[in-house]
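Next come the chains, spelled out residue by residue.
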Amino acid sequence: MDINLVDWSRGQFALTAIYHWLFVPLTLGLGFIVAFMESMYVRTNNPEWKRITKFWMTLFGINFAIGIATGIILEFEFGTNWSNYSWFVGDIFGAPLAIEGIMAFFLESTFIAVMFFGWNKVSRNFHLLSTWLVAIGASLSALWILVANAWMQFPAGMHFNPDTARNEMINFWEILFSPVAVNKFLHTITSGFVLASVFVAGISAWYLLKKRETFLATRSIIIASVFGLISSLYLAFTGDISAKMVAQKQPMKLAAMEGFYEGGTNVPLKLFGIVWGKDTSEYKLPNLVMKVELPNGLSLLAYDNKNAFIPGIKDLLNGNSKYGIISAKEKIERGKVARQTLRDLKDAYQLKDSTKYFQLKEQFMNPDFQKNYFAYFGYAFIDNPKGLIPNIPITVYSFHGMVLLGLYFILFFIVLLWLSMKNILFKQKFILWIVVLSIPLPYIASQAGWILAEVGRQPWVIQDYLPTVAAVSQISASSVQITFWLFAILFTVLLIAEIKIMIKQIKVGPENS
Amino acid sequence: MFDTLSLSMLQHYWWIIISLVAGILVFLLFVQGGQTLIFSIAKTEIEQTLLINSLGRKWEFTFTTLVVFGGGFFASFPLFYSTSFGGAYWLWMSILFSFIIQAIAYEYRSKPGNFLGKRTYEIFLIINGTLGTFLLGVAVSTFFTGSMFSIDLKNITNSSSTAISRWESSGHGFEALLNLRNLLFGIMVLLLSRVLGLLYFINNIKDETLIKRSRNQLLLNAVLFVILFLASVMGLFFAEGYAYMPDSKLIFLEKYKYFTNLTDMPLIGIFFLTGVVFVLYGIASTLFSKTIKGIWFSGIGTILTVFALFLDAGFNNTAFYPSSFDYQSSITIENSSSSLYTLTTMSYVSILVPFVGAYIAYTWNLINNKQLDANDLNNEGHLY
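So the protein lines, in turn, are chains A and B. In terms of the numbering used here, the first sequence is residues 1 to 513. In terms of the numbering used here, the second sequence is residues 1 to 384.
Treat the hints as calculated values from the structure; they're not laboratory data. Among the hints, a few may not be true.
[Said to hold, decoys possible] Reference excerpt, derived from the structure (chain B facing chain A, CB under 8 Å, subset only):
1) Gly70
2) Ala75
3) Thr83
4) Ile123
5) Leu366
Note that beta-carbon positions come from the ideal geometry of N, C-alpha and C, so glycine has one too.
Just chain B, same shape as in the assembly (with noise of 0.2 Å):
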């Protein structure tokens, strides 16, 4: 089946697999959101706990996610990999430090014997959600702003210094947090977790005085977030981009390359436009009527437009991780992939994905069937 596809097909169809997996991933970044919440929202600690444990049942989820997120680039586009980790080496470090304090949070928290306190658990939590989506949406960012990196594969033939991918900015990914568009796009990114935590625990949890705070602190995060979102997809559209030649190869800035991107490709503007719609509907819909399947709408148009953006960035002769040092160091879908093999090979195990959704909607909807109570604490013989 795979196996009649060119090298270039094969890699348009791992890049749409990391966009999908890129958007699935913020979608559930809401466990992210929800964890900056668990203060402002509870109030009483039987609150706090409800809150947590409605997160609880999903958090692994967004971790597995994101390590899949990591192997799946390592695997279909190599360089990137080797470039961005190893080079932004304390942003990326960053956000894996705030990620492996929460890996333990949630089941630590209320157990006995717990000598750091439940509150250090909690602050763990709000760490994560607060810098881990902060971040990762800077991280993200570059993909649009480019990122201060040479490379040069002869390097291996060098006795001495012989790192291929080199960071030319002492900050090693830190450098990013000077940039103002970086800095909007990461601040979106957490507003987006807030408002789809916000839309979750609506959904999911049974408790009056809980679902009004929600709802109050809604209509905040959303008019902040869609703000800042309309502020980062102007500078977005206006800016230029790195395009490339199709035959040379050679790098170039283009003006307003990433609107011109959905242009040319209409099906990918119709996918993001989509997209934008059901988040504010999403959001609408739950401010404005008795409805709590918001998160549904957000949810999905969430992962339509980050799909669509990962698109607008990897496609359409469109370098996908810049280099704003050396324009003809830039990352594309074409000078980064793995070989024609490997991603046939993947491809393949590709196939598992639909099967891997099914039995995650199967179990989401087990577990997720009926809203959770301050009882089902009780009742269910797991606590976080």
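Here chain A stands alone, though its shape is the one from the complex (with noise of 0.2 Å):
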């Protein structure tokens, strides 16, 4: 394997996603609040609602057009880069995919053009009509590749097929309420609700500082506020199952966020931590020194029992007869009598060898052959037990953070609606400016659960049935060095770009939005 290309490729990826995801949250979220200020215009006749609504929505434009340039990549880089892997999973990836593009782009796309062209050309109604399903399209659009990715961290729905040497599709309801895929998804989009609820708070915040556009700015509040409360808190909710879920579907990426080695019950929440120095074990795990632990809280988050057993990295990779855990080795094993079973089938075929292929076959499709081998089919590809083990430092930082941020965000909210409610918000100007340099945080909070995500389910593209060494296209590293450093030129100078023109639009204000 060419490790290098691998990295490279990861690379490009996690670049593009990462940009991609700078844009997209403020999108999905924007749009909703920008649908209720123009409703509240629709409902009131009050202009001053309508020039809310065309700063916002202006706002909502400079952000949507960089998400669509950082976006189309993402779709393509499947193919450019993951050459393997579109084929291996394509009868499923790939329909929520199309899916996608009917369903959600074109709406979003189509009602678009009447939301920032439409004012003089179309009736109020049919105006507010197309802002909400712009909103609609961007959450929608959100929806299938949520599910996509929930398949890769949790297959479902589907069986191998050893003639076409892929997985299909047997249930496409399996995969669309996936628990992981419909709880990813209300994860994901409140966040982006809370991300834009910040952004509005934010602005608006500057502007009562600057002593403008006091009434854009208490009425943005309020909603932004109401909006954010309610979203934040669903996320913490939204986030406790996901946490279930990880401990249920993927152990090795809860012990790593949590920098968990040694399995046992009654496993402390672990709220704060940082790693230093590695341990003695012959895995060199990371140690995590000036640990704030919640008693029994791991055994409570993952299982709602404080006796549960919960494995930690090594129990994973040595196994544990007592909790029925096979070890790293033998599941490797096991990996590779599937992966050979395939290939002595696949000869056979060429071969002509009906009697031997057919004899195969029915090993391969057997229950238990496919329960107790081709389910670690993945695992034929990892040649040392430590390259099952994600990024610790990174996991552990990017989920304490992520938490850490949802809690101050569910406080931001509370204290935020409790001034404005008071009419007191304006002469508080140290909370003002709180507010204002809040801005960034719920971007960082937002990367890191990503970054939790992907890094936490690492070597696996499909969780236990093809890792990243097998998916990588067959092109040289260097191609992808090139096309990673234009990337990062590209977007960098877009991110300058958008992020110079939303302030100054924001200076400006909306009389020239």
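Grab the two chains, each in its own frame, and use the hints to assemble them into the complex.
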């Protein structure tokens, strides 16, 4: 395997996904906030609400454009950089992507034209409908790609066809309504709602500090606070479910994000910790120091039971017969058996040895073989059990950072709403500055969430079935390096352009939006 | 409804959908074609802004259709997706880069605080219009001329070097530029997009000077387009095509395959001829009368022609993505499709397509019900 190629391909996908995700959450949340503001305009007929709507709509447009620019590459990167993956799961993964295009992208792209250019061409109600459809279209876009991503974390509703050497869908509804998919969708779009709410509150607070646009700012802060508070509470709820899902479906990710090595019951939840040095085990796992722990917290978080057993990284690698955990070495051996059987089957087919072919196929499709061997197919490509450990410092910090910021947002919106309702917010300069300076925080939390989800599932592209090393395209690492740097330069320039335009537009205010 | 269809019928159904999306995509390249003309037709800043704002109301349709085209291929014929995108890396990446810079160009061009300057974004539009259409044409041409790749599903069982699809040329897609037929096809698509862009301006803009210049440009571009179109079609019809035996699936070269496909499937031949006549009528009627409706004739003609060409490439036991390196690795609608279950499921989703088409047509009419003039730029509240 060309590890250099795999790393650069991962790097490129991470780079483009991170850039894309800088813009998508704002689109998801701001779309609904704008739609709500326009609803207020249609309901009250107050031109101030139209002015407010058009201002936020302008910022929405600036952000939306770069979201599209950074998004197109992601769809095609599945093919350009992960061609084996595209075949191995294209029968399942491609469908949500195509549905996304038909159902969501056209909805967005059609009605966004009405939203921006239709003020004088369509009725007020039709314009309002268009704005709502853009917001709904954006969330629908997120639905399908998140369904696909959830499937990669928790494959369901499929079987492996040895003739075509790929996974094939056998139950669409199992994929769409898999608990991981449903929760991932809800958790992700509410994170976008929270981000947009902080964004709107932050810019409005800046106007209050500058004693400008008071009507726009106070109304926007109230809407953002209510929307943000409801969303941040729901975000915490879905976050809790996410942790349970990870515990059940991806125990290695849970162990890595908590820096948890020796399994046990009554496991505390680490709220804070610093990665420092390495332990003396054969795996040289990093130590966590200055820990702040909540007793029984992890057992409760994962299984709602303080006595629940949580496997540590060493249990998952060495095995734990008491809890029925197979060692990594055993999984690798079983994976190799599955891979060799598939190879023999393909050989028999090529040699037209039908007796052997049907015999092997029957063996391969036997439920016991599927459960005891093919379920570990991806492990055949793992050379060393240590390769099954995700990057611990990255997952630990991203998990803790995301959770702490999530709690901060709840407090943030409670305080903001309370001060707004008391009509004393505009006097609280210190609070207003905190609100302004909080704008980057949901971006950090949102990125941390994705980094945790994606780095935490390494080395897998498809959990247990396909590692990154077997999914990559057959291109040279230098080609990917070139495109990596081209994307890095282009997207950075575009990001700077976007931020400058956004800041200028905010300074100019609604008059010229 | 779709549950009763066989795998073969669903493969054909999905190839029809892919072909239709391809036809619509090529029609919508009028946006790109129009972008290449913003300096040659417009002489003042207001004129440029008028052209860009006229195109700006439609650019997202082209962009979205391109995404749907890719997604549709991924979902229905994933072996093509994994082989072509993973192999012709530089060709596809170049196309994608040209579309990335288009996406922000409209929105950011005239915004305050735009530190790159208007001209940068206008150059982005020209790069997208020129390079994007030309390279898309080259990529589509390889559906007929072939590419250098091999496929072996067994590679997934290797302990290393597991890639199922391997590109056998170090150019990774750029070698397609060395084929004269591909080059001509690419330039022909570029010229077609310019012709369509001019017809769109004539239809959508209310400015006598711009319309006059558009008509003047139309003559030159249309003549060049027709010449290259005829050359490409001749090259296609007289070339050997990649056919396969229905039973053994053995792939071989067959003389005049793409021509005999049209005679074997006369309905597709009629689509092709009707499409060509419509394109030419749209051009001729605009050149020789004062009509502004040429875009609709040429647009529908483009959709029909491209639709027929894609069906020509994929139906009647033809390999739609042939390998000139290893004929037996060539991709057909039979060996590359998704499973029966997936195609059936997606077919139910495809019922939404007419509904999507209807609301696009409705909103298109709402936004374009009146020709755009300079006054509209100030009144609409959103300026590109």
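Quick rundown of the hints versus the structure:
no. : hint   : in the structure
1   : Gly70  : holds (6 Å)
2   : Ala75  : holds (3 Å)
3   : Thr83  : holds (7 Å)
4   : Ile123 : violated (14 Å)
5   : Leu366 : holds (6 Å)
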